[in-house]
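Could you put the whole structure together from the sequences, leaning on the hints where they help?
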Amino acid sequence: MVSLPLTMGRGTTRKTCLLKFLVVDVPSTYNVILGGVGEVQGDPLQSRRCYVKVVPKGQKWNVDDAPDQIPPSKKGKTPEGENSEETETTAKVQPVEKLLNIEIIPGNPEKTTRIGSHLGEEAKKEITLCLQRNADIFAWTPQDLQGIDPQVITHHLNIDPSYKLVKQKKRHFGPEKDRIIQAEVNKLMAAGYIEEIQFPE
1 MVSLPLTMGR
11 GTTRKTCLLK
21 FLVVDVPSTY
31 NVILGGVGEV
41 QGDPLQSRRC
51 YVKVVPKGQK
61 WNVDDAPDQI
71 PPSKKGKTPE
81 GENSEETETT
91 AKVQPVEKLL
101 NIEIIPGNPE
111 KTTRIGSHLG
121 EEAKKEITLC
131 LQRNADIFAW
141 TPQDLQGIDP
151 QVITHHLNID
161 PSYKLVKQKK
171 RHFGPEKDRI
181 IQAEVNKLMA
191 AGYIEEIQFP
201 E
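Going by UniProt numbering, the sequence shown opens with residue 1, and the numbers climb by one from there.
Hints in this document: simulated from the structure, not taken from any laboratory. Remember, predicted model here, so these are calculated numbers, not experimental data. Relax, there's no trap hidden among the hints.
What follows is a list of derived Cβ distance ranges for each label pair: (1) K15 with H118: 38 to 48 Å; (2) K15 with A191: 22 to 32 Å; (3) T113 with K92: 14 to 24 Å.
We put the CB at the ideal spot given by N, CA and C, even for glycine.
What follows is the structure, given as structure tokens:
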């Protein structure tokens with residue numbers, strides 16, 4: 001456990017709090033980045049050279065010379081004359097190991113979380129018991145979120161109070177989407193996140 005200062009905001013709205021961070025020495029897909037926004041000190045010319053060297057050169061097309069032609073697909077020939085097809089690979093974030101579902105509230109299969117399967121039996125038991133003892137910190141519905149102390153951080157819309165309120169034109173997304181949107185709005189209203197106000201026409 002380490003205590004580090006955390007600063008949010010800027011200028012007169014800046015606030016620094018001392019928060020405790022739990023350091024765990026285990027493999028993880030996620031990392032924490034400590035620090036704030038800063039200026040990168042480097043050589044733009046050298047950076048550009050590295051970029052040009054790594055990125056493959058593509059074929060140039062002039063739309064004005066051949067407006068009716070469609071650029072060829074990614075299927076082509078290699079320099080040796082063999083047919084090849086470029087495949088796009090998208091990196092996906094995946095767990096470093098298989099995860100096991102555990103019940104935070106025993107007997108309630110809807111309120112679960114997951115822990116790593118590579119943990120020892122004793123570690124699994126201790127983590128499960130710890131999570132179950134602290135089941136009250138989990139938020140299962142919007143109503144369970146108690147919010148953040150305004151002394152820590154707040155958000156305000158930068159609106160001039162002298163401006164007259166204007167009612168936004170109602171938009172329709174189709175019967176199915178309208179039902180989904182209404183259901184989400186009802187959840188936010190039930191949790192107290194939003195409230196209905198009357199706008200002048």
